[in-house]
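S.K.: Respectively, the protein sequence lines represent chains A and B.
Just so we're aligned, residue 0 is where the first sequence starts under numbering that gives the first Met the number 0, counting upward by one.
Just so we're aligned, residue 0 is where the second sequence starts under numbering that gives the first Met the number 0, counting upward by one.
Hints were generated in silico from the structure; no laboratory data involved.
Any given hint could be a false lead.
In the BS3-like style, the derived pairs of lysine-lysine whose C-alpha atoms are separated by at most 27 Å in a straight line are [claimed, not checked]:
(1) Lys172/B - Lys148/B
(2) Lys172/B - Lys2/B
(3) Lys69/A - Lys172/B
(4) Lys25/A - Lys560/B
(5) Lys155/B - Lys121/B
(6) Lys560/B - Lys39/B
(7) Lys3/A - Lys2/B
(8) Lys25/A - Lys106/B
Counterexamples of contact, computed for chain A against chain B with all Cβ distances above 10 Å [as the list claims (entries may be wrong)]:
(9) Lys3
(10) Asp12
(11) Arg13
(12) Pro50
(13) Asp66
(14) Tyr73
(15) Glu74
Yeah, the Cβ is synthetic: ideal placement off N, Cα and C, and Gly gets one too.
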Amino acid sequence: MNSKLLSEMRVGDRAYIDYIEPMYLKRRLQDLGMVHGNLIVCVLCSPLKTPIAYQIQDTVIAIRSEDAAKVHIYE
Amino acid sequence: MNKKRIALVGNPNVGKSTVFNALTGMRQHTGNWPGKTVAKAIGYFNSPTFEFEIVDLPGTYSLHSTSQEEEITSDYLLSDEYDTIIVVMDATSLSRTLLLGLQIAQKYNHVLFVVNLMDEAKKLGIEVNIHELEKECGIPVLGITATSKKDIIHLKQFIEMYGDKENRLFNLKESIESQYTQVKTICSLCVKETRPRIREKLDGWLVHPYIGPILMFLMILGICYLTIRGANFPSMVLGDLFAIFGESLRGWLLLGGVSSWWIGLIVDGIFLVLSFVVSVMFPPMVIFFLLFTILEEYGVLPRIAFCLDGYFEKCHGHGKQALCMCMGLGCNCVGVSGCRIMENDTDKTIGIVTNSFMPCNGRFPMIITVGSIFFAIQGFSSTVISAFVLSLCICLSVASVFLVTYLLSVFLYNGKRGSFILELPPYRVPHFRTILSHSLFHKIISILGRAVVVSSLAGAVLYIITPYLKEYIQFLDPFGWMIGVDGAVVISFILGAPANEIVMPILLMLYKGTSTIASFDIQTTREILISNGWGIQRAISFIILVLFHFPCITTLLTIYKETNSKKTLVLSILVPTFYGIGLCMIINCLTLFI
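Using the sequences and the accompanying hints, generate a full structural model.
M.R.: This is the structure we're talking about:
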């Protein structure tokens, strides 16, 4: 199992959510489906490399890379 | 007749407002971006036995509120003021939208599930088994396509049949992880995907580092061009019709024995200003809103916010501000109310203060007129030039918003920033009917109605005070020269505070020395302006003042209503005004040196 951060994903990469470090967005991201074991796909990168859009639970959401660095994933 | 109250809840952008409009025949704002419904809306429909009152609540991801609009929803659900809750879900992403439904079904016992967007799911090769879902959740479920009339009839029957029935509370686990496991189990039983999903190609282009901005500029240019091009002819026709009607009005009043002062007030004051505002403003507004709504329904707005958020982050701003700026291009009041989608108060205040930096529709005609007169280039049609000037103005506005956002957040708010999560909805080909109903009737009628009221009042006031204005113009001349214009321009902006549309006519009236405003063709306008000392430099200064000055009175009222803060109100007046004056002074100094 290869452990990484969400912010390290490149467009097209697929991974599974491991856990989210405590932060102000944690609850919100969990509501959107970022919970352990859910598949996440990096789908779009904006011109300045932040925010980045991910597909999770059939929805595309964009978060800033700073926040994505708090989300741990595994492949 | 028995009254029943129904609450409509669901995730953002699942089509709650569309369902609401279809049920009640009302015209709530719909569009393809999350967070349009910023306050609860109430509508009614009747069935043979009941009178239903429907409350459309802002979208929410869960019952734990983190933003203002989510708070409205959770507060309302706690209030117990309803008989039935309808949870609207998205068939194309049931795995996410079902969670909220289950959380609600865990707590309340009069719940119905409505799975919307069944047609879109079908197109994507997704099959949702409604019966299975009903069995698994223990809640009555109906699958619909909210734009289909037949489905809405089914929905009404469904509400009538099941609205009263009590359901057993759903047994939902404690932790969010296990809640999602439950959702996944249910979805694996009810949802079948027959083919893998394809993401749209356009996304790749629109968010490309170099092609994206160019594409967006071309999009703005295209909209400006079509707006100007399409509006020319109807504006002319409307102007002529109003002129004819005005003369008949004068005739009737004369016959009726009305005194000449009153005739002047009514015909040369109120009617003239009103007809000018309507004929100049109405055609471009219709075309602009139509084009804008197509883009909005298609789902372009959140993509713009996505692309620009990186820049906003650098300025300590919020990407969703871009959505409000887009709305501000239509009308600053709409843009200001749109700022509610930002959770953080600082972001919201900055969004509101900077919103009037975006030129609203009412300011387009001034930029177009001055642009086509002073920036004419041989070999290009004036429409192309005007569209180009207008697009450049919008770019200048965007750049200024970035600058001011940075300054405000650094100096006033210590660079604190809020959270950023943005949902990018799938592109949806807009329905012709939704566009027409929502764009033409809802927005336009309300904005035009307001403009008519404001401009008739302004017309009356202008007619009365114009004879006394001369001294004030002379008094303001030195200040005007300092910023590269003259006293007449300054006074036009001040008198134009009720509505930006009347700034230009007031200015021409002051130059002509008449006591009534008049609409002139482009040739006469050019002669009037040039004979009053206008050149390229003054035209640029004027356009800058058009872009950056205090918001119109209606926008100010909206700002006060939204924030209830005098500080924000004062900031929204001072910041754009001083920015505009400062920029004009710099340009004036530069021209002196050159």
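S.K.: Which hints, by number, does the structure contradict?
M.R.: Checked against the structure, the hints that fail are numbers 1, 2, 4, 7, 12, 13, while the rest are satisfied.
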